[in-house]
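Student: Go ahead and model the full structure; you've got the sequences and the hints to work with.
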Amino acid sequence: MNTVGMALRLDFAEQLAADHPGAALVTGDGGDKIFPDLTPPTAVDSRTELVETLVRTNRQFAPAEIEELIDLEPGRLVGSVGDRIASYPEATLEGAHVHFLIRERGINMLNHGEDRTRHHLWTTTPFYAPDLFAAAMACPPEQKAGTELYREFLSLLSRELAEIEYVDFGVPITSAEYRAKKLAYGWPGARPGLKERVRSLVESQGSGGGIHSRQLLAEAVADADGLGRHFSAEEIQRIAWDGSGHRPHQRYQLATLVAALDPVESRVRQPTQARPVMQKRH
39 MNTVGMALRL DFAEQLAADH PGAALVTGDG GDKIFPDLTP PTAVDSRTEL
89 VETLVRTNRQ FAPAEIEELI DLEPGRLVGS VGDRIASYPE ATLEGAHVHF
139 LIRERGINML NHGEDRTRHH LWTTTPFYAP DLFAAAMACP PEQKAGTELY
189 REFLSLLSRE LAEIEYVDFG VPITSAEYRA KKLAYGWPGA RPGLKERVRS
239 LVESQGSGGG IHSRQLLAEA VADADGLGRH FSAEEIQRIA WDGSGHRPHQ
289 RYQLATLVAA LDPVESRVRQ PTQARPVMQK RH
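Residue numbering for the sequence shown is 39 to 320, as defined by my numbering.
Think of the hints as simulated: they come from the structure by calculation, not from any bench.
Using 25 angstroms as the maximum straight-line C-alpha spacing, the simulated SDA-like pairs for lysine to any residue come out as follows:
hint, residue 1, residue 2
1, Lys220, Val93
2, Lys220, Cys177
3, Lys219, Phe191
4, Lys219, Asp206
5, Lys182, Thr162
6, Lys182, Pro74
7, Lys219, Val209
8, Lys220, Phe207
9, Lys182, Ala172
10, Lys182, Leu221
11, Lys219, Glu186
12, Lys220, Val209
13, Lys220, Ser193
14, Lys219, Ala81
15, Lys220, Arg143
16, Lys220, Glu190
17, Lys220, Gly69
18, Lys182, Asn96
19, Lys182, Thr130
20, Lys182, Arg217
21, Lys220, Pro78
22, Lys219, Glu203
23, Lys219, Asn96
24, Lys182, Tyr166
Tutor: This is how it looks when you write it as structure tokens:
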């Protein structure tokens, strides 16, 4: 389920393979779920507040928007998050927050869901090795703040690796400049309203992806067969064109889901007797 906005990465991988025949291309998870502090960015005093925080910080679309988009019963989506939280064994809300980010965000989404940018390459990672995972998770949150644990880990593993520039900040993670930029980057995280305004301002600086994603989503709707059985075409067109602040990544995700209707609808149209046994059972 790579989004169509990631198509360029596949082309890049193919060019890399052509330029380096026989090379082993390896990629994998970056350890972003075991080294940082995963406790809530703001204080939560109840399970309801915890669910609200998780939905707000991890969603791609607002729940009310999703409900309108796929004709879902109001509250059902958020309620399902609450049910999942209630099934966790952790005794504290902070522990449940960590559990959610590792299990639902890390394992489900990054490894099996929409962020499969790595599916065309061999994916390997040391960060879920049981001994390393247990050791990292035993560290208290205050030791993980500001990427401290990751910096220590990488420096012990290889000083040369630690000196490579961190791509988002343009400086190595061992530098004082990195720490200052990391602090500035993380500060809006505890202030959701400010974070949204900053993100909207930054993303408005480049409109190329915005225009392309709007056109792509509109074209996907025009080409989709059986759209009305799964989505509200009117809601999709609104998201595509009304200038309501949706990010290109959101529209690319939605266009991918709409484009995925082609094989789904082709199976629906097959005569029942022509379907394989496993497909009929599914």
